[in-house]
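Colleague: Same order as they appear, the protein sequences are chains P and F.
Under the working numbering, the first residue of the first sequence is numbered 0, with each subsequent residue one higher.
Under the working numbering, the first residue of the second sequence is numbered 417, with each subsequent residue one higher.
Hint data in this document are derived by calculation from the structure and do not stem from the laboratory.
Every residue gets a Cβ at the ideal spot worked out from N, C-alpha and C, and that includes glycine.
Mixed in with the good hints there might be a few duds.
As the list claims (entries may be wrong) - Pair ranges (Cβ atoms, derived): (1) P/T75 <-> F/G469: 25 to 35 Å; (2) P/G2 <-> F/Q495: 23 to 33 Å; (3) F/F511 <-> P/T75: 38 to 48 Å; (4) F/M496 <-> P/L69: 36 to 46 Å; (5) P/R15 <-> F/M496: 37 to 47 Å; (6) F/Q441 <-> P/G98: 16 to 26 Å; (7) F/H454 <-> P/V72: 27 to 37 Å; (8) P/P60 <-> F/K497: 31 to 41 Å; (9) F/N437 <-> P/G2: 24 to 34 Å; (10) F/L490 <-> P/I37: 20 to 30 Å; (11) F/G469 <-> P/Q79: 42 to 52 Å.
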Amino acid sequence: EAGVAQSPRYKIIEKRQSVAFWCNPISGHATLYWYQQILGQGPKLLIQFQNNGVVDDSQLPKDRFSAERLKGVDSTLKIQPAKLEDSAVYLCASSSGGGASSPLHFGNGTRLTVT
Amino acid sequence: GQNIDQPTEMTATEGAIVQINCTYQTSGFNGLFWYQQHAGEAPTFLSYNVLDGLEEKGRFSSFLSRSKGYSYLLLKELQMKDSASYLCAVRGTGFQKLVFGTGTRLLVSP
Chain P
0 EAGVAQSPRY KIIEKRQSVA FWCNPISGHA TLYWYQQILG QGPKLLIQFQ NNGVVDDSQL
60 PKDRFSAERL KGVDSTLKIQ PAKLEDSAVY LCASSSGGGA SSPLHFGNGT RLTVT
Chain F
417 GQNIDQPTEM TATEGAIVQI NCTYQTSGFN GLFWYQQHAG EAPTFLSYNV LDGLEEKGRF
477 SSFLSRSKGY SYLLLKELQM KDSASYLCAV RGTGFQKLVF GTGTRLLVSP
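Pulled out of the complex, with its shape left as it was, chain F reads as follows:
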């Protein structure tokens, strides 16, 4: 089975940097995804990590440590529009089932 943990809620200020952590336990691992979900909308893909290390994509970066079962999403130069839920999801082996964590709700204030 799979177990994924994320903080429930975080707050940050516009222009700041925030790091959203995700820890996971899984019997099979085929990569970790981060999705952004604005209230009332569908999740949208942000990043995918399968190897250890940092992947940078504009203001967003994602890090993975497979040995520690740990990932984080780093958001720089926060904007008000970054207020959303951020979902960590782990892909298993076999038919590559994607299991989501409960999500971290980020509130960016002026």
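Bound-form chain P, shown alone:
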């Protein structure tokens, strides 16, 4: 089966600019996650979708970050305006939602550098 697809792979922007990331999950996976991973740290959950509804966005900085999952498939994550501390890898993951044992499958991530 095809894996989780993300684009772009790398992005460099200046602070206060905006940026968007795209994710296409594994076909049929109902649950989609966006994680932020700062160098040397573990992934931090930003937002979790179940189909096209948000089930957890408690750690999403809503003043600058937004995400949507139209039609319950693809998802985009946007940052506007970006800050230096947003430099990180943004990982998209999906799971089948078939139960607690269903593992997350990760994409290769988008490495964002804010200068």
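Once you've looked at the hints, dock chain F against the given chain P.
Modeller: Then chain F, alone, in the frame of chain P:
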């Protein structure tokens, strides 16, 4: 909330055995995952434990004690390719949020 602790870094020799510990505190528990992450790559799934005890999968084994809030990942017959970060992650109840620890960077030397 959830709190997950792992050692930051470990070193070991090729062919040896290493144990990576993870302790957690959580208000709801629905299983514990271990992931491997090579530098610059995505995390990949290694194991899942929800019941107490040891799960063995080839050279890798994972142990869970729910009463102690403790897990470990055991890597046997270490190979150079095992140099990576190992992430412990706890799944909560409800919508089954998965929270990761900071990861343990393992360096395997010849």
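Colleague: Hints first: check each against the structure and report whether it holds.
Modeller: Each hint tested on the structure:
no.	hint	in the structure
1	P/T75 <-> F/G469: 25 to 35 Å	violated, 42 Å
2	P/G2 <-> F/Q495: 23 to 33 Å	holds, 24 Å
3	F/F511 <-> P/T75: 38 to 48 Å	violated, 21 Å
4	F/M496 <-> P/L69: 36 to 46 Å	holds, 44 Å
5	P/R15 <-> F/M496: 37 to 47 Å	holds, 44 Å
6	F/Q441 <-> P/G98: 16 to 26 Å	holds, 24 Å
7	F/H454 <-> P/V72: 27 to 37 Å	holds, 29 Å
8	P/P60 <-> F/K497: 31 to 41 Å	holds, 37 Å
9	F/N437 <-> P/G2: 24 to 34 Å	holds, 30 Å
10	F/L490 <-> P/I37: 20 to 30 Å	holds, 28 Å
11	F/G469 <-> P/Q79: 42 to 52 Å	holds, 48 Å
In summary, the numbered hints that this structure violates are 1, 3.
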